[in-house]
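Produce the complete structure using the sequences and hints provided.
For the sequence shown, this note's numbering gives the first residue as 169, with consecutive numbering after it.
Just so you know, not all the hints are guaranteed correct.
Claimed, not checked - Dumping the calculated DMTMM-like pairs for lysine to aspartate or glutamate here, alpha-carbon to alpha-carbon at most 25 Å:
{"hint": "1", "residue 1": "LYS505", "residue 2": "GLU543"}
{"hint": "2", "residue 1": "LYS476", "residue 2": "ASP401"}
{"hint": "3", "residue 1": "LYS408", "residue 2": "ASP366"}
{"hint": "4", "residue 1": "LYS532", "residue 2": "GLU486"}
{"hint": "5", "residue 1": "LYS398", "residue 2": "GLU359"}
{"hint": "6", "residue 1": "LYS398", "residue 2": "ASP355"}
{"hint": "7", "residue 1": "LYS529", "residue 2": "GLU485"}
{"hint": "8", "residue 1": "LYS505", "residue 2": "GLU437"}
{"hint": "9", "residue 1": "LYS382", "residue 2": "GLU359"}
{"hint": "10", "residue 1": "LYS532", "residue 2": "GLU489"}
{"hint": "11", "residue 1": "LYS619", "residue 2": "GLU605"}
{"hint": "12", "residue 1": "LYS458", "residue 2": "GLU486"}
{"hint": "13", "residue 1": "LYS500", "residue 2": "ASP240"}
{"hint": "14", "residue 1": "LYS363", "residue 2": "GLU325"}
{"hint": "15", "residue 1": "LYS441", "residue 2": "GLU485"}
{"hint": "16", "residue 1": "LYS262", "residue 2": "ASP299"}
{"hint": "17", "residue 1": "LYS382", "residue 2": "ASP332"}
{"hint": "18", "residue 1": "LYS407", "residue 2": "ASP454"}
To be verified - Distance windows between CB atoms, simulated:
{"hint": "19", "residue 1": "ASP299", "residue 2": "GLY397", "range": "45 to 53 Å"}
{"hint": "20", "residue 1": "GLY397", "residue 2": "ASN252", "range": "52 to 60 Å"}
{"hint": "21", "residue 1": "ILE617", "residue 2": "PHE507", "range": "28 to 36 Å"}
{"hint": "22", "residue 1": "ASN252", "residue 2": "VAL297", "range": "17 to 25 Å"}
{"hint": "23", "residue 1": "LEU481", "residue 2": "ILE603", "range": "36 to 44 Å"}
{"hint": "24", "residue 1": "VAL297", "residue 2": "CYS585", "range": "50 to 58 Å"}
{"hint": "25", "residue 1": "ASP598", "residue 2": "SER522", "range": "21 to 29 Å"}
{"hint": "26", "residue 1": "VAL297", "residue 2": "ASP240", "range": "27 to 35 Å"}
{"hint": "27", "residue 1": "LYS441", "residue 2": "HIS253", "range": "51 to 59 Å"}
{"hint": "28", "residue 1": "GLY552", "residue 2": "VAL621", "range": "34 to 42 Å"}
{"hint": "29", "residue 1": "ASP240", "residue 2": "ASN375", "range": "33 to 41 Å"}
Worth flagging that the hints you see were computed from the coordinates, not collected in a lab.
We put the beta carbon where it would ideally sit given N, CA and C, even for glycine.
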Amino acid sequence: KTYPSVGIIQECFSHRQEISVRSKKETASESKNREIKNNEENNTLTPQTGSAMTLNSEVDMENPVEFAKAEDQAENQYKTFKSNHGVESELTLKAAFRLTDICIAQYKLDRVDTVLSEVEETCKATKGVKDKDWYTKWIQMKAFCRWKQSKFKEALELFEEMQDQVGMSSKLLENMGHTHNSMGNYDKAQECFEKALDLVDVEKKLNPASDTHKGGLYMGLGLVKKRQGKVEDGLVDLKKSLKWYQDTTGPKPHSLVAKAHMSCAHAYEDLKKYAKAAMHMELAIDIFQKTCGNDSPLTGNAQGALGKVLIQLQKMEEAWEALVAAFQNEVKHDSLKVFTLFEHATLLYRMCTSMKVKESKDAKVLVPSLVTLDEALGPQMEAGLVVRDGNVGALYKGMAEVAIVAQHYRLANTFLCKALTHFGEEKNFDCGSLITECRNVLTLVNDLIRKGVGH
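Okay, structure coming up:
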């Protein structure tokens with residue numbers, strides 16, 4: 169069979185959410201005073217020429233309800249200012265980047281792209297203008313968007329352009345390190361993280377109020393070492409990252425702590441210590457659900473990872489629930505991950521067939537998600553977010569198999585026909601045997617449809 173190439177697992181992150189790292193010792197009164205101060209600063213926000221995504225906000229971005237309200241407010245404000253003042257207005261630009269900050273944290277990448285396109289010419293016109301350089305902010309946001317769309321080469325080029333604009337910093341090195349890591353340039357990634365760790369101490373001495381911290385750097389370095397095969401060494405750095413975030417983010421649940429838990433979990437998974445991996449993943453999911461919501465890609469990714477680990481632990485009922493939740497989450501993403509979707513669809517199919525964990529009635533819960541995925545694939549291929557190739561054919565074949573198990577044969581017929589189209593267009597791999605297999609299954613499916621069996 170042809171399977172989508174295994175890309176680098178998206179464990180790392182480059183976008184800092186709109187939150188302030190806070191000491192556990194901070195009192196409620198101090199927290200309130202800090203929020204008031206942040207509000208005042210936010211009202212006089214100027215273009216940022218630094219390389220850090222750490223805008224202060226009056227909204228608790230770890231609260232999904234407030235996050236949604238903030239998005240609605242930012243969307244309305246941006247539309248109003250654009251209509252009344254045009255995109256050249258400072259008010260409009262502030263609202264535009266406020267909106268993109270919120271949307272990118274929720275992986276609403278299409279909306280980010282649209283807003284960036286609308287303000288592009290205005291931002292380019294401010295390049296190099298003192299205290300009015302919105303171009304650097306625009307490059308930064310576009311880089312983060314491309315990174316989250318897995319367009320790492322474009323993201324790296326944009327980060328390098330930022331370096332030319334504003335110079336080097338630990339935060340920019342961190343983002344470049346994560347990007348090199350995702351591209352498989354591990355030596356360059358390690359160099360970026362190690363340089364950043366050295367630079368953090370220098371920056372702190374020069375500016376004690378700097379919000380630069382080591383949590384993300386330890387995480388990046390640990391991930392690089394893990395991918396180089398030095399998993400035990402990498403786990404040491406990943407544990408440092410987890411402890412740093414636990415010590416500095418305060419008593420409330422925090423998504424950065426969850427991300428650190430996931431990184432430790434994947435290291436334990438590589439070491440085949442599945443019980444410890446599952447423990448960290450369960451802690452991460454609980455935090456993601458509380459801080460980002462059930463629909464966040466972070467939640468879905470963690471649920472999918474947990475499902476696979478639970479299979480290793482032979483906890484099949486729990487694995488099914490986790491993988492179903494992951495699949496239902498993943499089909500809603502603005503940028504679909506073909507391999508992940510294929511992998512999870514295949515696991516769910518196997519759990520209903522060879523593993524005999526579930527029956528056809530259980531698979532019916534997946535049908536709405538299959539329809540959603542089918543509706544999203546076409547537009548995302550047209551937009552270039554999903555590559556149109558044989559891997560999409562493999563995904564459609566996997567979707568058809570799940571539909572067959574659920575006894576939705578007309579849906580399976582549609583998916584098999586689309587799989588045949590993509591296999592037929594594939595030029596770099598011989599899909600002959602797959603085409604034959606799909607045609608044989610299609611014959612059986614059409615026979616069941618003619619007999620009135622199933623849906």
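Against the earlier hints, flag every one the structure doesn't satisfy and list their numbers going up.
The structure conflicts with no hint, since it agrees with every one listed earlier.
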